[in-house]
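Protein chains: 2
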Amino acid sequence: MNNNPIGVIDSGVGGLTVAKEMMRQLPKETIYYVGDTKRCPYGSRSEDEVIEFTWGMVSFLLEKGIKMLVIACNTATAFALDTIREKINIPVIGVVHPGARSALKVTKNKKIGVIGTEGTINSKVYEHALKSINSRVEINSKACKPFVPLVESNCLDGEAAMSIVREQLSFFQQTSIDTLILGCTHYPLLQPLIQRAIGENVAIISSGDETAREVSTILYHSELHTTEEHPEHKFFTTGSSDVFSAIANQWFDTILDNIIEISL
Amino acid sequence: MNNNPIGVIDSGVGGLTVAKEMMRQLPKETIYYVGDTKRCPYGSRSEDEVIEFTWGMVSFLLEKGIKMLVIACNTATAFALDTIREKINIPVIGVVHPGARSALKVTKNKKIGVIGTEGTINSKVYEHALKSINSRVEINSKACKPFVPLVESNCLDGEAAMSIVREQLSFFQQTSIDTLILGCTHYPLLQPLIQRAIGENVAIISSGDETAREVSTILYHSELHTTEEHPEHKFFTTGSSDVFSAIANQWFDTILDNIIEISL
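For the record, the sequence lines run as chains A and B. Going by UniProt numbering, the residue at position 242 of the first sequence is 242; the numbering climbs one at a time, nothing skipped. Going by UniProt numbering, the residue at position 241 of the second sequence is 241; the numbering climbs one at a time, nothing skipped.
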């Protein structure tokens, strides 16, 4: 048993989709979230930059005594997960493998689609994760560049957003995928539009939900689950706490307490 | 990386629902299955007996060099998981916690039903697992004694079976559960009937599917996944290999090779 917080890091606010799901599935656990809003997005940055920025957040949280680390950003998971896991002594969970495992559970025809940022898609991190478990799976991937700006400008419905989503996903019409992985933590906010564009017969895997589930598994198996009942979450941002608070409110209809500005 | 087999144990053939799902989700991994068909069912046996029989299977598999153990029987998980986990040095996964975690992921109204054998339900193992993660969840449990005999006599459809299932599940009419955990590895074979009786609005959680998913998580986090491509599964039974083979064929439409009779 361990009552220390779980650290969650992201390039900005996208990882709040993961944190929110963790709070729902693990209501006793305390979460310390760091969003590197100032340097967001990471999607088009170089591998070295992403690793350096990620280390900044990890070091900050290690000093706060976290018992587990969740990298709630697909790009950071793609570039930095292995390095970080090798160097620190607490369990480290990225968002890629939980999504991959869930897709392999759900797919019937073994044809899986993946959408994400350029960094994530070019790194082929989902392909490696899926193929390492099942080499017979067929994967179609597509970087959907306009999706993060769409979410960040709060265009989550309406005809303009729908038409961009349709255009980006038209790529999958030539495929016969039965499962689509949302390989970016911003994308769950577009999930209703994505489901309409891709059709009801394609199962959508949101890596956030699956990551929360996997955090629960690892907590239990590592005997790190808490005995407390009243968690006090904290949200650290490298940008403005007002902007962070406004987006959290807009996206999740939630007022977040304890938003603290930091510099890394 | 580790190419040794994963051990799966059950009181009989019910755990094959878990093994089959593991083969589907983890097609590279080798499975050694032990079914204690001779002493099946465990559902109404004493705790001491279940622990003793379970140890017999575990010792047999440890000698075969398994890298991980899956207790694919809810009753054995309820009575023996903690003892076994304390005493052996490989990861041990039961079927209870994966089902519980999945139910907590799926439920919206936090009202969860559990059905299982008398042993499992009386042990309150699901209640403990669910409450340890979320103390606000409301749980309704029911031992469905006729379900295992129904499955073992291959009554998987037809009016007689449907009427038994309806009668057993009528208990849940007074509740407003939105999620039902199948807390016995035999029950997935009755899933279509259970879904009809309980209604389409209740999500059914099959612990087998969820356990396979969790095995995948732990394999990866413990760096125990295989590098091989062509697993050679083995099935050990304390009863007759012909009976074992016939049931596997009836239930799963699969011819199992490598069925070996043993005594424990």
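These aren't lab readings, by the way, just hints derived from the structure by calculation. Any given hint might turn out to be false.
Which copy is meant is left open, so a pair is good if it fits within one copy or across any two.
Said to hold, decoys possible - Subject to a maximum C-alpha distance of 27 Å in a straight line, what follows is the list of computed DSS-like cross-link-like pairs (lysine-lysine):
#, residue 1, residue 2
1, Lys67, Lys87
2, Lys111, Lys67
3, Lys124, Lys108
4, Lys64, Lys124
5, Lys124, Lys111
6, Lys145, Lys67
7, Lys28, Lys124
8, Lys28, Lys131
9, Lys105, Lys87
10, Lys111, Lys38
11, Lys234, Lys131
12, Lys234, Lys124
13, Lys234, Lys142
A quick note: this is a predicted structure, and the numbers were derived from the prediction, not measured.
Quick rundown of the hints versus the structure:
In this assembly of identical chains, Lys67 and Lys87 lie within 27 Å of each other by CA distance both inside one copy and across copies; the values are 15 Å within and 25 Å between. Taking CA atoms no more than 27 Å apart as the test, Lys111 paired with Lys67 passes in neither setting, with 36 Å inside one copy and 30 Å between copies. In this homomeric assembly, Lys124 and Lys108 come within 27 Å of each other (Cα to Cα) only inside a single copy, at 22 Å, whereas the closest approach across copies is 34 Å. In this assembly of identical chains, the alpha carbons of Lys64 and Lys124 never lie at most 27 Å apart, being 33 Å within a copy and 37 Å across copies at closest.
For the homomeric pair Lys124 and Lys111, the shortest alpha-carbon distance inside one copy (16 Å) is at most 27 Å, but the shortest distance between copies (40 Å) is not. In this assembly of identical chains, the alpha carbons of Lys145 and Lys67 never lie at most 27 Å apart, being 34 Å within a copy and 43 Å across copies at closest. Proximity of Lys28 to Lys124 under the C-alpha cut-off of 27 Å is restricted to the inter-copy arrangement: shortest distance 21 Å between copies versus 35 Å within a copy. In the homo-oligomer, the alpha carbons of Lys28 and Lys131 lie at most 27 Å apart only across protomers (11 Å), although the nearest pairing inside one protomer, at 35 Å, exceeds that limit.
Taking the shortest alpha-carbon separations for Lys105 and Lys87, neither the intra-copy value of 31 Å nor the inter-copy value of 31 Å comes in at or below 27 Å. In this assembly of identical chains, the alpha carbons of Lys111 and Lys38 never lie at most 27 Å apart, being 38 Å within a copy and 41 Å across copies at closest. In this homomeric assembly, Lys234 and Lys131 come within 27 Å of each other (Cα to Cα) only across copies, at 25 Å, whereas the closest approach inside a single copy is 37 Å. Taking the shortest alpha-carbon separations for Lys234 and Lys124, neither the intra-copy value of 33 Å nor the inter-copy value of 35 Å comes in at or below 27 Å.
In this assembly of identical chains, the alpha carbons of Lys234 and Lys142 never lie at most 27 Å apart, being 34 Å within a copy and 41 Å across copies at closest.
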